[in-house]
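Q: All chains should be modelled from the sequences, with the hints used to inform the complete structure.
There are 2 protein chains.
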Amino acid sequence: ELVAGLTTLFPARSLAGEHVVLTAGPTREAIDPVRYISNRSSGRMGFALAAAAARAGARVTLVSGPVALPTPPGVERVDVESAAQMHDAVMARIADCTIFIACAAVADYRVATPADAKIKKNDADMALALVRNPDILADVAGGAQAPFTVGFAAETNDMQANAEGKRRRKGLDMIAANWVGRPGSGFDAEDNALEVSWDGGSVALGPSPKTRLAEALLEVVEQRLRDKQSQEKA
Amino acid sequence: ELVAGLTTLFPARSLAGEHVVLTAGPTREAIDPVRYISNRSSGRMGFALAAAAARAGARVTLVSGPVALPTPPGVERVDVESAAQMHDAVMARIADCTIFIACAAVADYRVATPADAKIKKNDADMALALVRNPDILADVAGGAQAPFTVGFAAETNDMQANAEGKRRRKGLDMIAANWVGRPGSGFDAEDNALEVSWDGGSVALGPSPKTRLAEALLEVVEQRLRDKQSQEKA
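Top to bottom, those sequences are chains A and B. Okay, so the first sequence: first residue is 1 according to my numbering, each after it adds one. Okay, so the second sequence: first residue is 1 according to my numbering, each after it adds one.
Calculated directly from the structure, the hints in this document are not laboratory data. Among the clues, some could well be false.
Put simply, identical chains are the same to the list, so a pair is met inside one copy or across any two.
As the list claims (entries may be wrong) - The list that follows gives simulated cross-link-like pairs (lysine-lysine, PhoX-like), each with its CA atoms no further than 20 Å apart:
| id | residue 1 | residue 2 |
| --- | --- | --- |
| 1 | Lys121 | Lys166 |
| 2 | Lys121 | Lys233 |
| 3 | Lys170 | Lys228 |
| 4 | Lys118 | Lys228 |
| 5 | Lys121 | Lys170 |
| 6 | Lys166 | Lys120 |
In this text, all values refer to a predicted model and were calculated from it rather than measured experimentally.
A: Shown next, in the form of structure tokens:
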């Protein structure tokens with residue numbers, strides 16, 4: 001139904017009055033002071049979305065894992081490392097948030113008991129016990145006055161079924177799915193393509209540069225947000 | 001016995017005729033296409049050493065894990081990701097190497113069976129089975145015509161005892177130890193300090209910027225290399 005995501009220019013100031021909170025980049029889960037578990041994520045898509053939201057007039061808070069990227073102009077940045085820290089930083093800033101976009105590649109598991117000192121290796125194999133991290137997206141979407149909540153799904157197989165399942169399970173307003181591990185898309189690539197879906201519709205965006213893709217996605221977000229608001233009024 | 005590491009200028013062209021092979025940065029061990037285990041390492045110390053060795057006239061090969069650093073002028077760079085790839089890249093280039101400096105933070109363990117597709121999380125905790133990676137330093141130092149071999153030891157406690165134990169156990173010519181997890185030293189810091197030891201001596205270098213520290217360490221390496229060569233002739 002919506003086909004023009006990449007053909008129109010995202011109007012200036014169209015997000016004025018909104019408070020957009022985004023997460024970006026990977027998280028790091030300490031094994032010991034030297035070793036950690038992480039996810040492949042350059043942070044570029046989340047930083048491009050934060051920059052585009054600020055250009056569109058929104059107040060923007062960007063909660064970022066460890067990345068090598070400069071803070072976009074007009075964006076308030078909060079640096080975190082672990083998924084638990086990211087969860088706390090988001091929940092502390094979500095009260096007046098109207099749009100939440102979870103772009104970070106958050107570690108689903110953390111190490112059960114990180115070591116205080118560097119673990120000395122020995123010749124034996126070892127097993128690392130992992131426990132589940134808090135679910136930032138589900139906690140935001142399940143809140144009493146939840147913002148318009150957008151999730152990302154990085155998939156290596158069955159992309160649309162996996163992404164739509166994630167959207168329904170977590171009660172999200174929208175999900176943006178992309179392939180990873182394929183040339184020209186996903187982390188570390190400059191270009192990306194997204195399959196964006198919501199309750200009752202979907203649109204394919206890109207492939208295009210992440211800065212342009214960010215504007216196109218925000219335009220879709222803004223249209224669905226206005227639809228949701230007018231439905232709530234009716 | 002040697003006290004002047006930081007007080008003299010490293011002579012130009014003093015490493016002419018040498019082939020210096022270095023490793024730098026972290027390695028990444030895949031859990032699945034999205035998740036991995038890694039080590040905290042910016043690669044800065046290794047890249048500073050490679051740059052200093054090239055300025056001193058050496059032929060320089062830099063085997064680097066994933067870092068966000070430009071290749072120093074005059075340095076041949078080989079990018080790798082896992083410890084096994086780094087091991088293979090080093091062993092393939094070690095035949096005519098005269099000085100090997102292992103600055104990388106190599107993962108001691110890799111995941112026993114990495115998944116081909118993204119592992120779907122569930123509510124249960126999990127355990128990750130790990131197996132030992134090949135030991136690059138020990139394999140280089142134990143070779144038939146081993147180069148002058150320098151290891152690094154990043155320690156959080158008992159630094160000197162741990163480092164000297166590593167030097168003897170692996171049969172290294174020299175080891176450079178540094179504290180990690182303390183302000184102003186180790187990974188991500190611009191400055192660093194090293195405790196350098198060999199069979200029969202030691203010297204403390206820094207704290208100083210990593211570029212200056214790299215020159216000081218190479219000067220110590222060159223002095224010990226010439227000593228070793230004259231002992232072998234005698």
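Q: Work down the list of hints and note, for each, if the structure agrees.
A: For each hint, the structure was consulted:
1. Lys121 / Lys166: The answer is between: 11 Å across copies meets 20 Å, while 39 Å in one copy does not.
2. Lys121 / Lys233: neither (62 Å within a copy, 38 Å between copies)
3. Lys170 / Lys228: Answer is within; shortest intra-copy Cα gap is 18 Å, inter-copy 65 Å.
4. Lys118 / Lys228: Result: close neither inside a copy nor across copies, 51 Å intra and 33 Å inter.
5. Lys121 / Lys170: between (40 Å within a copy, 14 Å between copies)
6. Lys166 / Lys120: Cα proximity of Lys166 and Lys120: across copies only (11 Å, versus 39 Å in one copy).
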